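Novice: Kindly produce the complete structure, drawing on both the sequences and the hints.
Going line by line, the protein sequences match chains A and B. Going left to right, the first sequence walks through residues -9 to 190 as the numbering used here numbers them. Going left to right, the second sequence walks through residues 43 to 429 as the numbering used here numbers them.
If you are wondering where the hints come from, they were derived from the structure by calculation, not from laboratory data. What you are looking at is a predicted structure, and each value in this text was computed from that prediction instead of being measured. Every clue listed holds true.
With the C-beta cut set under 8 Å, the calculated list includes, among others, these residues of chain B facing chain A:
#: 1; residue: V236
#: 2; residue: S264
#: 3; residue: E267
#: 4; residue: Y285
Cβ pair distances, simulated, as ranges:
#: 5; chain 1: B; residue 1: I378; chain 2: A; residue 2: Q77; range: 27 to 37 Å
#: 6; chain 1: B; residue 1: A380; chain 2: A; residue 2: E111; range: 24 to 34 Å
#: 7; chain 1: A; residue 1: E111; chain 2: B; residue 2: H426; range: 12 to 22 Å
#: 8; chain 1: A; residue 1: E20; chain 2: B; residue 2: Q230; range: 30 to 40 Å
#: 9; chain 1: A; residue 1: E111; chain 2: B; residue 2: R358; range: 41 to 51 Å
For glycine and all other residues, C-beta sits at the position ideal for the given N, C-alpha and C.
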Amino acid sequence: MSNIALNRLQRECKEVVTNSEISETGIMIEILNENLTEIRGHIRGPPDTPYAGGSFDLDIKIPDQYPFSPPNVKFATKIWHPNVSSQTGVICLDILKDQWAASLTLRTVLLSIQALMCTPEPKDPQDAVVAKQYMDKPQVFKSTAEFWTLKFAKGSVPVNVDYQSRVDKLKDMGVREEEAISVLSCNNWDLNRATVYIFS
Amino acid sequence: MPNVVTILLQDRKMDQRRNITLNVDNNENIAELMKNVEKLTNIPSEELEVVFCGKKLAKSTFMKDLSLTPATQIMFLRPKNLVQLTNSKFDSNNKITDTSILGSFYVWCKKCDDVQRGKLRVYCQNCASTSVLVKSEPQNWVDVLKSKRIQVTCENCFAPGLFADFKFKCLKCNDLAAALTHVRGNWQMTECCVCDGKDKVVIDLGCNHIICQNCFKEYLLSTLEEFRFTNRPPYGFTTSCVYPGCNRVVKDVHHFHIMGQSSYSEYQRKATERLISIDDEGVTCPNAACGQSFFWEPYDDDGRSQCPDCFFTFCRKCTERECTCQSDDDLTKITIDATTRRCPRCNAATERNGGCAHIHCTSCGMDWCFKCVTEWKEECQWDHWFN
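Specialist: Here is the structure:
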């Protein structure tokens, strides 16, 4: 990694690792290795969204050409969002691709992702299934995203008993909980279709 | 510090001209230089005008501010009628000789292989003499970079309707150099928007988003690695400001010399290849030892071309010496048809090796649909995002 990159990252880490930053914006980073190529980001789910109360982790990998190439950022915590793959956590955000600019920082990236959690952009989706649900069945989308926040991001909303009972039914058939939630969510919580999908 | 200057004395009163070489002290001013010339020639200094860089110099100008070298010529003019020139409106206006670090402009000097402070020199477009006076002062870069912008009168050839011929030189080695219009002094001491450093000499694409030379170099090198330069006529393959959302581009490829000579050559080679690949009449020699790019002549064509460099003759379609286009290799054809398209805007050959139908052209930046081969639309998003 070049000197520019190292100096930049050290400065950026200081910028994000302040108490005021955590209390004001709810973003934080944690350095995972000495040469600063692997960083763990944390975003607190923004209030008044289905992600409220959740704690989301992100894997950040710094490429050799940083800051002239964007950091590789994906959700480590599973999240139900039109611009994030529900399977892999890959994020579709312009500044992480061709709109990246060398003057952007880890702080601005995390704040942008937090903003994306507040306002999804279904017209440029990463996960087509989630995007379709967001457009066609906004209520189902909201409760699904809340359910995911509770299950995977240590959210604090009361559990959706109806959803949980369907997950439990699939679990009784020997399906892992994570897969059960995923398949039910993709099928708008239709237990029959989810069952057919898994066992056919 | 003593210095040698060459003086061209144009004596209109006596209709004579002569060359004088003088030792001068850099801490002297023009008034003192005029006294020295008076001693040598017996021409009263009140009758002399000193013309340099297209302008009449003020008597208070110091020699050290003129960036002189032994090859520099200063014109001393003794007019027939003195009144004419003393009325010159450039009397005390001497911007060109301001050469402090922050106020200077910068050049790419090939000899020094570096960015250097530059100096501007003006010549007669007709006789290349330095004995010229500009009729109006250049106001911006265009005035000095484009020809036929600034009119001059030449005391050497007196041709009518003359224009100035501006040349840039390296202040360090005096060689001709290319002006770098985006490099400037950081007079406000603004922070580099990449590293936060405060360098004295910075790059500004005209948007005031400052980047220091070192970061600019790293930025260019990383852009070169994946060749993310995009074709922006009339500037050619260039790159934009590092600030998010800023679309200002590097308007002169001379700035890419900052990458260093070998990287600059690589940039030139790749840009040529890219340009050839998007031109229907461009072709790259398939001979592995050659790789020359050239344009084929559209007339009298049998689909074959000969490389002008290594004389390898080949079919342009299959790039083989013995054409294999007619052979029954359907599988190759099917694969090529299924996986490749050309960008609808810039014609760049594009292969899709996975992912959705949304293609972002790395050559021209267009977003297009691999299925429709037109601009990416919302319908594409919903109807055939994944085919």
